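> Put chain B on the given structure of chain F with help from the hints.
Those sequence lines, one after another, are chains F and B.
For the first sequence, the working numbering puts the final residue at 210, and the numbers step up evenly by one.
For the second sequence, the working numbering puts the final residue at 210, and the numbers step up evenly by one.
Don't read these hints as lab results, they were simulated from the structure.
Only a predicted model underlies this, so the values are computations on that prediction, with no experimental measurement involved.
C-beta: ideal position from N, C-alpha, C; glycine also.
Be aware that one or more of the hints could be misleading.
Claimed, not checked - Once the Cα atoms are required to be at most 20 Å apart in a straight line, the calculated PhoX-like pairs of lysine-lysine come out as: (1) F:Lys31 x F:Lys11; (2) F:Lys181 x B:Lys126; (3) B:Lys31 x B:Lys11; (4) F:Lys126 x B:Lys181.
Claimed, not checked - If you want the footprint, here are the derived chain F segments under chain B, 3+ residues with CB under 8 Å: (5) 163-169; (6) 177-184; (7) 193-206.
Unchecked claim - Estimated spans, in silico, between C-beta atoms of each pair: (8) F:Arg33 x B:Pro123: 18 to 28 Å; (9) F:Ala188 x B:Thr111: 30 to 40 Å; (10) F:Ala74 x B:Glu38: 50 to 60 Å; (11) F:Leu128 x B:Gly77: 35 to 45 Å; (12) F:Ala141 x B:Ala42: 56 to 66 Å; (13) B:Met67 x F:Gly44: 47 to 57 Å; (14) B:Glu69 x F:Gln8: 47 to 57 Å; (15) F:Leu128 x B:Asp189: 11 to 21 Å; (16) F:Lys31 x B:Leu53: 24 to 34 Å.
Listed here are the chains, written in short residue letters.
2 protein chains.
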Amino acid sequence: MKTTERRQSLKEALIAAAERSIDAHGLSGMKARELAAEAGCAVGAIYNVVADLDDLVLAVNVRTLTMLEAELAATVGAPSGGGGNSGADGAATAQLVRMALGYLRFAAANTQRWRAVFEHRLPDGKELPGWYRDQQRRLFAFIEHPLRDLQPDLPPEQFGLLARSLFSAVHGIVVLGLEEKLGAVSLADLEEQTTAILTALGRGLVASRP
Amino acid sequence: MKTTERRQSLKEALIAAAERSIDAHGLSGMKARELAAEAGCAVGAIYNVVADLDDLVLAVNVRTLTMLEAELAATVGAPSGGGGNSGADGAATAQLVRMALGYLRFAAANTQRWRAVFEHRLPDGKELPGWYRDQQRRLFAFIEHPLRDLQPDLPPEQFGLLARSLFSAVHGIVVLGLEEKLGAVSLADLEEQTTAILTALGRGLVASRP
Numbered sequence: 001m002k003t004t005e006r007r008q009s010l011k012e013a014l015i016a017a018a019e020r021s022i023d024a025h026g027l028s029g030m031k032a033r034e035l036a037a038e039a040g041c042a043v044g045a046i047y048n049v050v051a052d053l054d055d056l057v058l059a060v061n062v063r064t065l066t067m068l069e070a071e072l073a074a075t076v077g078a079p080s081g082g083g084g085n086s087g088a089d090g091a092a093t094a095q096l097v098r099m100a101l102g103y104l105r106f107a108a109a110n111t112q113r114w115r116a117v118f119e120h121r122l123p124d125g126k127e128l129p130g131w132y133r134d135q136q137r138r139l140f141a142f143i144e145h146p147l148r149d150l151q152p153d154l155p156p157e158q159f160g161l162l163a164r165s166l167f168s169a170v171h172g173i174v175v176l177g178l179e180e181k182l183g184a185v186s187l188a189d190l191e192e193q194t195t196a197i198l199t200a201l202g203r204g205l206v207a208s209r210p
Numbered sequence: 001m002k003t004t005e006r007r008q009s010l011k012e013a014l015i016a017a018a019e020r021s022i023d024a025h026g027l028s029g030m031k032a033r034e035l036a037a038e039a040g041c042a043v044g045a046i047y048n049v050v051a052d053l054d055d056l057v058l059a060v061n062v063r064t065l066t067m068l069e070a071e072l073a074a075t076v077g078a079p080s081g082g083g084g085n086s087g088a089d090g091a092a093t094a095q096l097v098r099m100a101l102g103y104l105r106f107a108a109a110n111t112q113r114w115r116a117v118f119e120h121r122l123p124d125g126k127e128l129p130g131w132y133r134d135q136q137r138r139l140f141a142f143i144e145h146p147l148r149d150l151q152p153d154l155p156p157e158q159f160g161l162l163a164r165s166l167f168s169a170v171h172g173i174v175v176l177g178l179e180e181k182l183g184a185v186s187l188a189d190l191e192e193q194t195t196a197i198l199t200a201l202g203r204g205l206v207a208s209r210p
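In isolation and in its complexed conformation, chain F is listed as follows:
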């Protein structure tokens, strides 16, 4: 193997080890020594292929976002799942509900990996790389799509903010539900609540058209 191939292969082994470590113990349990042992290299050799452990975490997190994107993509155009009213507005609301339920189920099934995306903080001065931001943007594009149907006259620069707020609202329901910070609640109840809130939001966005 050439040096560049060896480096690439070591990098992939380290990312896979980081992913397994996060799945097993969460982000805070990740140790350079254990990743090196799993990937079969010396601890110092990690820093020949990545700048620091943050780069490994970002590589795992972007995979998580890519998995989530596939999950959301699978909900597009699926049969109606709870919008309740008919026509284009109902279809867009039903699409919001399906995406929110997709997000909830993804987080419930991949809790540690999903947590790592939100727990990870870059050190001051280090910025998110472009390939990470691109993946974030692709995810938000999914949310913006039904919002364009619900609020067709919203100025273009506002869609990003609205998509972000809608995602944040769903994220709040999922995170406080799964972490049981407000007491235990079943996944079935969480699904029902997510459906009720997103249905109300979709209808309210239609009713709030300028």
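The following block gives chain B in isolation, referenced to the frame of chain F:
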């Protein structure tokens, strides 16, 4: 001073020290040694007045929830702030908006203390004390009130779940906004988004009445 008074006075000094420590360095920066030094006692003496440091954190957190309750109480019956439609439904929606904005501003002004409420996890097997749960319940009662106007026919046992979901949605907007996990956003934009989402939710809950 009698022994019980001395114990009570030491306990209060430790809670005050814990509160200052959380304000300054966040929950993860709290050290028993520093609390003892500030309260003028030996490290071991802490455990004469509280079972463990979790009890000190819970005492700080319940104060935070009490401050938040006062903030929400101040929004009740205040002049309309964004509901937009008239009558009882408009008033209830406007009240939801004011409470959400009150929560956002409280979190922005007391970020470390507010974070500590959500970051703190009790060790397995230890349960939240009754006085903490009572304070949580008082807070949720504020949210349930306008929901009764918006969905008068909802079965009583459902109000608690809906209030919790609504709080979670607002919490999501506030937490991802203030932590800047999705990129920086100004407090003014966050306020505008919170208003838009809660207004849509209020209207949608009215439109979703059975």
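> If a hint holds in the structure, say so; if it doesn't, say that too.
For each hint, the structure was consulted:
| no. | hint | verdict |
| --- | --- | --- |
| 1 | F:Lys31 x F:Lys11 | 16 Å, holds |
| 2 | F:Lys181 x B:Lys126 | 14 Å, holds |
| 3 | B:Lys31 x B:Lys11 | 16 Å, holds |
| 4 | F:Lys126 x B:Lys181 | 14 Å, holds |
| 5 | 163-169 | holds (count 6) |
| 6 | 177-184 | holds (count 3) |
| 7 | 193-206 | holds (count 11) |
| 8 | F:Arg33 x B:Pro123: 18 to 28 Å | 27 Å, holds |
| 9 | F:Ala188 x B:Thr111: 30 to 40 Å | 34 Å, holds |
| 10 | F:Ala74 x B:Glu38: 50 to 60 Å | 55 Å, holds |
| 11 | F:Leu128 x B:Gly77: 35 to 45 Å | 44 Å, holds |
| 12 | F:Ala141 x B:Ala42: 56 to 66 Å | 59 Å, holds |
| 13 | B:Met67 x F:Gly44: 47 to 57 Å | 49 Å, holds |
| 14 | B:Glu69 x F:Gln8: 47 to 57 Å | 56 Å, holds |
| 15 | F:Leu128 x B:Asp189: 11 to 21 Å | 20 Å, holds |
| 16 | F:Lys31 x B:Leu53: 24 to 34 Å | 25 Å, holds |
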